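Colleague: Next come the chains, spelled out residue by residue.
There are 4 protein chains.
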Amino acid sequence: MNRIKVGVLGATGMVGQNYICLLNNHPWFEINYVAASPNSANKRYEEAVAGRWHMSTPIPDSIRNLIVGDANQISQAQEKCSLVFSAVEMDKAAIAALELEYASNGFAVVSNNSAHRLTDDVPMVIPEVNPHHLDIIPIQRKKRGWDRGLIAVKSNCSIQSYMTPIYALIQAGYEVRRMILSTLQAVSGAGYPGPSSLDMIDNIVPFISGEEEKSELEPLKVLGRIEDGAFVSDTSMKVSAHCNRVPVTHGHTACVSLEFGDSKPDLDEILSIWRGFHAAPQELGLPSAPMDPIIYREEADRPQPRKDRDMDKAMAVVVGRLRKCNVFDIRFIGLHHNTVRGAAGGAILTAELLNAKGYL
Amino acid sequence: MNRIKVGVLGATGMVGQNYICLLNNHPWFEINYVAASPNSANKRYEEAVAGRWHMSTPIPDSIRNLIVGDANQISQAQEKCSLVFSAVEMDKAAIAALELEYASNGFAVVSNNSAHRLTDDVPMVIPEVNPHHLDIIPIQRKKRGWDRGLIAVKSNCSIQSYMTPIYALIQAGYEVRRMILSTLQAVSGAGYPGPSSLDMIDNIVPFISGEEEKSELEPLKVLGRIEDGAFVSDTSMKVSAHCNRVPVTHGHTACVSLEFGDSKPDLDEILSIWRGFHAAPQELGLPSAPMDPIIYREEADRPQPRKDRDMDKAMAVVVGRLRKCNVFDIRFIGLHHNTVRGAAGGAILTAELLNAKGYL
Amino acid sequence: MNRIKVGVLGATGMVGQNYICLLNNHPWFEINYVAASPNSANKRYEEAVAGRWHMSTPIPDSIRNLIVGDANQISQAQEKCSLVFSAVEMDKAAIAALELEYASNGFAVVSNNSAHRLTDDVPMVIPEVNPHHLDIIPIQRKKRGWDRGLIAVKSNCSIQSYMTPIYALIQAGYEVRRMILSTLQAVSGAGYPGPSSLDMIDNIVPFISGEEEKSELEPLKVLGRIEDGAFVSDTSMKVSAHCNRVPVTHGHTACVSLEFGDSKPDLDEILSIWRGFHAAPQELGLPSAPMDPIIYREEADRPQPRKDRDMDKAMAVVVGRLRKCNVFDIRFIGLHHNTVRGAAGGAILTAELLNAKGYL
Amino acid sequence: MNRIKVGVLGATGMVGQNYICLLNNHPWFEINYVAASPNSANKRYEEAVAGRWHMSTPIPDSIRNLIVGDANQISQAQEKCSLVFSAVEMDKAAIAALELEYASNGFAVVSNNSAHRLTDDVPMVIPEVNPHHLDIIPIQRKKRGWDRGLIAVKSNCSIQSYMTPIYALIQAGYEVRRMILSTLQAVSGAGYPGPSSLDMIDNIVPFISGEEEKSELEPLKVLGRIEDGAFVSDTSMKVSAHCNRVPVTHGHTACVSLEFGDSKPDLDEILSIWRGFHAAPQELGLPSAPMDPIIYREEADRPQPRKDRDMDKAMAVVVGRLRKCNVFDIRFIGLHHNTVRGAAGGAILTAELLNAKGYL
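Residue numbers (numbering that gives the first Met the number 0), protein chains in the order written: chain F, 0 to 359; chain A, 0 to 359; chain S, 0 to 359; chain V, 0 to 359.
Bound conformation, chain F alone (with noise of 0.2 Å):
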């Protein structure tokens, strides 16, 4: 079978070794291309990631001894692949101008950084939410000029462990009005190094740089539509957010309070929805689709990072405590992997649902 040849830009960092083992072995897709900065152009990928590879696997043998590019040339990727994985880490404008770059060179490019998560013509992808999404495609081509090139993003992580849940409820014609939730996330998140552990034993940090904010905008681009070619967002939702770093090391956890608008489901129809849902990475049968999205857990304490965060092969959502809210209508417990579903499986799905829809 032919597999897509891909790239792996930033593939020497947290999330670019996450890449490389999950597509260690994919059906569709193939590396075939990696690439990081300066520092570490030339050199082949085992060298150029000593003492620094954090995956619990080995380095795929296939990926060894590829020779890393630099990310910047975009030249060097030309004839190795057409679809770029973006895990870059650099000043954002230039993320935001590279991606760009190798989109209007014909790459496909998917991305986890946050610089284009707000450009009114890229989709910003949760694929169990808002696949059709993907179907700006198109007009970002069009508008731009592109003929084979695209931009898609993910959202940030922390959103993830709660966005299906509400989605499902959403679809099931209930309005979500208002949401206060507090976030307790795993120190993987801020890449490696990280946070120190000095800051982590006997310890939790009520606070992480800018992420409140980007978990009450991207929310609503997500369940936002398409007008005029750009994306409008959904404004008659208002989330708050308090995010916390504690010391877990994968897996964010979100206490969710929600207010729906005048329709309101009970327990036992929220639970019946939640277990039924299945949307477009389950019907297309994606290869890293979980066969559930939304998993739901019955014990009264879960569900817990550590022990559940690995669920499906890390995609699903697992979902517990649903119960009565004393102030709006109704709390739950989400989690999510957040270097897996949140990170790089993620961004492998939202490329599985481009090539199913055709734009690859």
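To be clear, the hints were calculated from the coordinates, so they are not data collected in a lab.
Take the hints with a grain of salt, since some may be wrong.
[Unchecked claim] Have a look at the derived ranges for each label pair, beta carbon to beta carbon:
| # | chain 1 | residue 1 | chain 2 | residue 2 | range |
| --- | --- | --- | --- | --- | --- |
| 1 | F | Asp233 | V | Ser61 | 50 to 58 Å |
| 2 | S | Glu88 | V | Met54 | 43 to 51 Å |
| 3 | S | Asn24 | A | Glu45 | 54 to 62 Å |
| 4 | F | Tyr191 | V | Lys91 | 24 to 32 Å |
| 5 | A | Ser271 | F | Asp233 | 35 to 43 Å |
| 6 | F | Arg147 | V | Met89 | 47 to 55 Å |
Note that the structure is predicted; figures quoted are calculated from it, not measured.
Glycine included, C-beta positions come from ideal geometry on N, C-alpha and C.
We have chain F already, so just place chains A, S and V on it with the hints.
Modeller: Below, chains A, S and V alone, put in the same frame as chain F:
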């Protein structure tokens, strides 16, 4: 100087050990009696806690050789003390009965236990918030036919991270209508051994049995009034609490979103109210009172439990991150030391207040 | 294919749960019976472990509805299985008697417990080190008048971090005379709940009851020989072990300093011995055998428990930092997964070896 | 009283911050100058450490507004202080040169850095072990043509968990021939940010760069003698150290196995030597000296870092688990607070000793 002789019931447990350390060299109180379960009775205190002394300072010399009494035998306390701090761990109904019996035998009982928190003639006191609730004592004595005995209790530890700053705003004339909050609570809140390390390494647990219910009910009594000789809760405020256990030894953190009534202070005014707040413990110069009951940290990422829990003898509430809430009016982070301010230290402060008011 | 029917005694505990996961879809063995204490007896397995299932995968469907037997009632196991894995938690003498009774009733007993480790006709087996010790089975049967029954046990988990690499050197002809080592052991080694989180946050405990004694005695039996129908320990090697508990969920690490006899291999030779080492489990192709029983990590700072414990199905010993010792001859770091390789997985490998050798 | 004016070089780093807290209200020394890298120079101290003050007490008022100097500009220190505590973080050769230059300009330099530890006329002092090494100062001054300047350094922090108890035995007449030890070291030993939380959650790292080498060399100089105006190391003792990083904030633990020379004390005698041990700091009544430099804990599972590191102002070495070694003669556990006793506190004690001996 003549110090008041006190006893500690449940002296071998973790809260009991805290009492013993905090009352060492206390200017007003002197431990003259320690009691625990029948298992520990008749042993020297040092023997009774062998292998389970958890404090960072050694057992005070004055306590080391005290013979432990049986907490169930009230006669053993007679002649030895006139006030008992109750930190016994038994069945809740048994504690409720035992505390009443101590009081009817003439002892002042100050309790950490939840058994009498909702008893309608028992004051549940946060000394900076509702010191006037102690004025029910004459009514309590009269109603129950007690001569010198009394019962006063402290509230659940976790609400102390935010009740003092909220009360300061209420006292300044701002109604608080609704509040949604999430706590990140230390493991010591569950006593020893408490949570298993297997649940607290690379993990958090989004559930603490009974804690959300207490957090939603107790503030209403603390803010309530005395009517016809009994406490009537304030039902004008609605609270919704998500309670989480996190891998922190001591120090409960709360992420609080507040909705005011029609009159809304701006952020500067709130800061100024908090900074100027002083209450009975400060005015009366109680020995265990923090100098400033509310300490505001300016840094973007504070308060943090390991770094801030010990401020002002571990008796202050440390607050930070005051900012607009995207859904309600404001939000902030509150923190306090749960085994000092929230347990033994808070109860000692209540006893000091009882003494200053002439009830001992 | 006809799989051998097996039972798990102590099936509700943590080691029991590991058996249930590891034996799921096992090619040779099929769980047909689970037993536990009288408390759990007569419940469905799922009910019996409600609230204390600690594995990251769900209860296998084939086990969920099994009715739990009473491990003390041997008759309940009859007809249901011919081999039992024993992970009961009781008084040691009671376990010793119970295991003998199962064996005398015709069951093959493979035990994780320490009760029979030093019984002189019971083999204590690390399958890569002393597979030939199983050849005492005919003697054991004859001596005890058993027809088909047998008992084989595994050693203490912590010695498995270093016994295989040390044995590889001994087998290559190098006497090991003295060994001083320190372990950093995971909390799961103590079962659930095990160490309190109050002892494992910002702390280590330099003591594990009974562990140093086992670590100093058991290697001598593992390296011993059969003489006159009984095991005789090798007393030519002296071991001194410091055992520490550290805040790690799974994975015991050992820092080992070794003194050889007169003939001393150089570092390159040792590496080459370790890399080439294969033993009975590999040669016989046992289903649970790691491909390479000793994996050497080249990096300066490996092995590390979270990153390396899962190598090769969590069944390999991972070694690193081989270097000259400033006092003895060499030193190195060894690591293994204590609840898989060191407990249920190791016992299953022993059972596979028993089967391959025709003793089942 | 006239206090000696001192400066802190590297005042904004973690060790520098410890100096500032420990010297607050010191009876003999008064901080009159703080210096750091050019980045921090000319800022008020409070501004210079904004967002990275790690101490649990606030910046002392006397320091808050000091203008930070440039540590490289020695002239800025002139007139402001006569003694500098050096905790600068730079290239080792640059530090070595800079410290010499301060000394040749008349400053007493007491350094935490390793740059001059092996310089043969620089004393490396553990005040309870080799206070007489300071008597090289007149030789040092003469040889280098310094009038009032001097350099004295402290040893690597980790060896302080065991050097005092070992020296007490040597002083009592027992030769220590060989020693194999493993350390479990706190993350603060690496400064801030130090180890990533991703390496310290559910993990340990069995490697600290350069630490084993220092641990094997430095004890020999500390136990050495002055000969022909230079230090000659004691080469009669052999040390082998395994150094591990563990998830503990403060407090290094060591597991030590010792072999004596021909004369061997029994365990009771060792306990009695340790309990009776006092040295120059105690005899001279130095302000920072612990009352008992060696504290022995009787409990089976102590010392433990979180529970014992703060004993006696965090300046004592806490020892426990003395027992026979199965290979050498004895073994025990040692613990000390690495950022107080092992860093700033130890250096201040050395400066106090210099003052008591008349070298300031």
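Colleague: Take the hints in turn and mark each one as holding or not.
Modeller: Taking the hints in turn, this is what the structure says about them:
no., hint, verdict
1, F:Asp233 to V:Ser61: 50 to 58 Å, "holds (56 Å)"
2, S:Glu88 to V:Met54: 43 to 51 Å, "holds (46 Å)"
3, S:Asn24 to A:Glu45: 54 to 62 Å, "holds (56 Å)"
4, F:Tyr191 to V:Lys91: 24 to 32 Å, "holds (26 Å)"
5, A:Ser271 to F:Asp233: 35 to 43 Å, "holds (38 Å)"
6, F:Arg147 to V:Met89: 47 to 55 Å, "holds (52 Å)"
Of the numbered hints stated above, none is contradicted by the structure.
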